[in-house]
Amino acid sequence: MATLPVLPLTDAVLLPGMVIPVTLDPTTQAAVDAARATGDKELLAVPRIDGEYGSVGVVATIEKVGRLPSGEPAAVIRGLARARIGSGVPGPGAALWVEATALDEPAPAGRARELAREYRALMTSVLQQRGAWQVIDAMERMTDLSELADSAGYAPWLSLTQKTELLAAPDVTARLELLVGWVREHLAEQEVTEQINSDVREGLEKSQREFLLRQQLAAIRKELGEDEPDGSADYRSRVEAADLPEKVREAALREVGKLERASDASPEAGWIRTWLDTVLEMPWNTRTQDNTDLAAARAVLDADHAGLADVKDRILEYLAVRNRRAERNLGVVGGRGSGAVLALAGPPGVGKTSLGESVARALGRTFVRVSLGGVRDEAEIRGHRRTYVGALPGRIVRALREAGSMNPVVLLDEVDKLAAGYAGYAGDPAAALLEVLDPAQNHTFRDHYLEVDLDLSDVLFLATANVVEAIPGPLLDRMELVALDGYTEDEKVAIARDHLLPRQRERAGLTAEEVTVADDALALIAGEYTREAGVRQLERALAKILRKVAVALADDPAPVRVDAGNLARYLGRPKFTPESAERTAVPGVATGLAVTGAGGDVLFIEATTMEGEPGLTLTGQLGDVMKESAHIAWSYLRSNGRRYGLDPNALAGRRIHLHVPAGAVPKDGPSAGITMVTALASLVTGRPVRPEFGMTGEVTLSGRVLPIGGVKQKLLAAHRAGLTEVIIPKRNEPDLDDLPAQVREALTVHTLSDVADVLALALRPAEIGTEPVDGPALAAV
1 MATLPVLPLT DAVLLPGMVI PVTLDPTTQA AVDAARATGD KELLAVPRID GEYGSVGVVA
61 TIEKVGRLPS GEPAAVIRGL ARARIGSGVP GPGAALWVEA TALDEPAPAG RARELAREYR
121 ALMTSVLQQR GAWQVIDAME RMTDLSELAD SAGYAPWLSL TQKTELLAAP DVTARLELLV
181 GWVREHLAEQ EVTEQINSDV REGLEKSQRE FLLRQQLAAI RKELGEDEPD GSADYRSRVE
241 AADLPEKVRE AALREVGKLE RASDASPEAG WIRTWLDTVL EMPWNTRTQD NTDLAAARAV
301 LDADHAGLAD VKDRILEYLA VRNRRAERNL GVVGGRGSGA VLALAGPPGV GKTSLGESVA
361 RALGRTFVRV SLGGVRDEAE IRGHRRTYVG ALPGRIVRAL REAGSMNPVV LLDEVDKLAA
421 GYAGYAGDPA AALLEVLDPA QNHTFRDHYL EVDLDLSDVL FLATANVVEA IPGPLLDRME
481 LVALDGYTED EKVAIARDHL LPRQRERAGL TAEEVTVADD ALALIAGEYT REAGVRQLER
541 ALAKILRKVA VALADDPAPV RVDAGNLARY LGRPKFTPES AERTAVPGVA TGLAVTGAGG
601 DVLFIEATTM EGEPGLTLTG QLGDVMKESA HIAWSYLRSN GRRYGLDPNA LAGRRIHLHV
661 PAGAVPKDGP SAGITMVTAL ASLVTGRPVR PEFGMTGEVT LSGRVLPIGG VKQKLLAAHR
721 AGLTEVIIPK RNEPDLDDLP AQVREALTVH TLSDVADVLA LALRPAEIGT EPVDGPALAA
781 V
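The sequence shown begins at 1 in the working numbering and counts up one residue at a time.
For the record, the hints were derived by calculation from the structure and aren't laboratory data. There's no promise every hint is true.
Derived pair list, reagent style BS3-like, types lysine-lysine, alpha-carbon separation capped at 30 angstroms [stated by the list, open to error]: (1) K627 x K548; (2) K548 x K575; (3) K206 x K247; (4) K730 x K667; (5) K667 x K627; (6) K222 x K206; (7) K575 x K667; (8) K258 x K206; (9) K247 x K222; (10) K222 x K64; (11) K247 x K258.
Small disclaimer: the values here were computed from a predicted structure and weren't measured.
From just these sequences and the hints, can you work out the full model?
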C-alpha cells in the first residue's frame, strides 16, 4: 500500500504502459507539484467521468513537465500498474492524497490466448483500413497479453466509458473479451459507413458526369446553331426545387429529360412545357388549416343563412370529428383523408350555391365553384389525353389549381343538369364523376392529362341539384343527400330583413335612414306576391320596390317607409290569393299536392261527366304513371261503388273526363292517386270536397294508400296556399319529423292508409252537398 497524490483525468483514461500528455489546471497542477516534491515523481491517475472518480486508477510517473505547442502548461505521464483507490489521507500541498493498493495481475489462463489471436486479427483489419502499418508491427511484437490489451487505450474510437471499463476489468481474459466485442461492433459500423460513403461518392460522380455531358451537349448544340430549348434547364431546377410527391417528381424529371433531348422545332416540346407548367402549379403538398372553433363555425353559418339546420348540423359534425381525430393524432386510414361528399338537393332559390361559400368560410378553407350544367363530355371531368392538340386537365384538377390547396371546398353546381347517359362519342360525364365522388377510391384519382395519382380524399365536395331523380343512381349512391326543401313564411321574412334587404338597398344606393320596409310588408310579399320555395322572386320584388323608392327620393328626399298599407303602390295588386275554396265549391274537384323542380306546389284535379261513349278521358299533359293512377282510381270506384251508396248500373252511356290544370305543364308520378279517387268520388256522389283539405298519396286497386316522396316540400306548399288540413299516407308519418314547428302547428295532418278513410274525411256530408247525378245517367261506377 502506498500513499499517492491523485491526478484526476476528465478527458482521457490512462492504462498501464501508456504515455499521455495532461493539460495542467489548478487541480492537476497541485497533483503534479506534490508528486515532484516526493522525489520519485509517482502519482495516481484516476479517470473522473461526470464529476465522479473511478474505483481503480493507475500508478503513473511523471516523465516531463513543460508546455504544449499551443503554449498551455502540460505534463507527460507514463502508466505503470493498476491500483485500487483507498481512503483519503492528509498530505502536503493542495493535492488530494489517498491510499493506493496495487492490484496483482493473475497469469493468463483459459481462453486468453485464443482471444488474443482473435483480437490481433480484428485490430489488424481495423489498422489496415487506416494504413497504420507501424502500429501493426508494434502490436505483433507484443508478447505480454496484458500489454496487448492495455494498448487499446490509444484507440480513438473507444469511448471514455469503455476505456474506464477496460481499466477496471479484473484480469486479462475479461479485458480481451470486452475488446473483441467492441472491435467487432466497430468493424460493422465501419462497413456500413463505408457503404454509405461509397453510395454518396457514386451519386456525386454520376451528378458530375451528367453535368459534364449536359455542358458538352450545350456546346454541340451551339456549334450546330441549335440553341438549347428555352427554359429546359430552368424546368429541371424548378422541378428539383418544387415540393412534389416522389412519384410526381420522377414523372416530371422524365419529361424534363425528354424536353432536353427534343428539338426546338418539335411540337412535343410545347406539349411537355405545358404539362410541366401544370404540374408545377398544382398545390401537391399544400393544405389549409381547418377552423377548430365549432362555435365560430356555427356563428358564420347562422349569420349567412337562416334555417337549413340539417346542413349546418352535418358540417359541424364533420368539423367535430376532424378536430377529435387531430387531438388524438389519428392520421388518415389507408391513404384516405377525411373529406366528405354532400349533395344539397332542393328547389331553386333556397341558397344551395351560396351555402357552399359559407361552409368554406366556416371551415377556414378556400372555395371553388365548378359548374356542371350542360356538360356532356367525359374529358371535362377527367381531362384530355396529352396527344390531342389543345389538351387541358379536367375541371377537378383546374379547381384544385385555382384553390391553391389540396383540401378546398369544391361546389359541383347543378349536378342534375349533366348530360347523363349521353350516347355520343364524348362519353358520359356522370360516369366520370363516380371516381371523383367515391371516398373509397378518390385518393388515387388519375386525370387523363396529368397521368399521375391525385389525392382528392381531403376535398369537401358539395353537389347541388334541383331534381334528385335526374341524378344517376350510382352517382347519387356515392353522395350523402341533404334536402333543402324550402322556407316557411317566417323564415322568408327573416331572410329578407337580415340579408336580402340590406343587399338590395346597397345595390340601389340607398341607406337604412332613407328607406325602411316593415315586416308586415315583407310577409305580404312572401305570401301574396310570390309563392315559391326559395327567395329569388322575393329578392326581385324588393329590388323593384327600392328602384321605385330611388325615383321617389329624387323628387322628395323625405325618408320612405314601405308597409302593408302602401305596398300596392310599388308592386301592384297581389298575384296569389287562396283559391282552394273557390275551386272545390263544385263536386268533382279535389286539391292535390305535388313536387316540381321549383319545389312543392298545389295541384287541382277536376272531373266531369257528359253524354258519350263510356270510358275515361284524361287531359293536362299527364305522364304514363299519372294516367295509370287515373285508371286505377276509376277502377277502384267502379268495383267499390256500393260502399259509398253508388248504383253499379248508374252513369251508363256517359263519359268521364278528368283534367289536371295547368294544361301546358307536363306532369307525372303516382302521388296524385288518392286525389283522383276523391275527385271522381265527389263527382259521382255530388258531394264537394272540403276546401281546407289537400292530399297526396299513391292508390292501389285494393284501396291502399302507399307512401310517396317530397312530403316536406308538399306540406310547405300546402301551408303557403292557405290549406289547414292535409292527408298523407300512414307510412309517411316519420317524414313529419323534418317539418318546421311553425308549419306543424298551422296544419292538421291526417295519416291514413285506406282510401275509404280518405273519402270519409275529405268529402262534405251528403246533406250539405248537391244531389248526385240522377236517372239512368248515373255512370257505370
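Each hint, compared with the structure:
1. For the suggested pair K627 and K548, the alpha carbons sit about 48 angstroms apart, so the restraint of at most 30 angstroms is broken.
2. Using a Cα cut-off of 30 angstroms, the hinted pair K548 and K575 holds, with the two alpha carbons roughly 19 angstroms apart.
3. Proposed proximity of K206 and K247 is supported: the alpha carbons are some 21 angstroms apart, at most 30 angstroms.
4. At most 30 angstroms may separate the alpha-carbon atoms for a hinted pair to count; K730 and K667 meet this at roughly 24 angstroms.
5. Between K667 and K627 the CA atoms are separated by roughly 10 angstroms; this keeps the pair inside 30 angstroms, and the hint holds.
6. Between K222 and K206, the direct Cα distance comes to roughly 24 angstroms. Compliance with the 30 angstroms bound is thereby established for this hinted pair.
7. Taken as a hint, the K575 and K667 pair is honoured in the structure, with Cα atoms around 23 angstroms apart against an allowance of 30 angstroms.
8. With a CA separation close to 19 angstroms, the supplied pair K258 and K206 stays within the 30 angstroms bound.
9. Taking the CA atoms of K247 and K222, the gap is about 34 angstroms. The hint is violated against a cut of 30 angstroms.
10. Under the criterion of a C-alpha separation no larger than 30 angstroms, the hint pairing K222 with K64 is inconsistent with the structure, at around 71 angstroms.
11. Note on K247 and K258: the hinted pairing holds, with a Cα-Cα distance of about 17 angstroms set against a maximum of 30 angstroms.
Going down the numbered hints, you'll see the structure goes against 1, 9 and 10, while the others check out.
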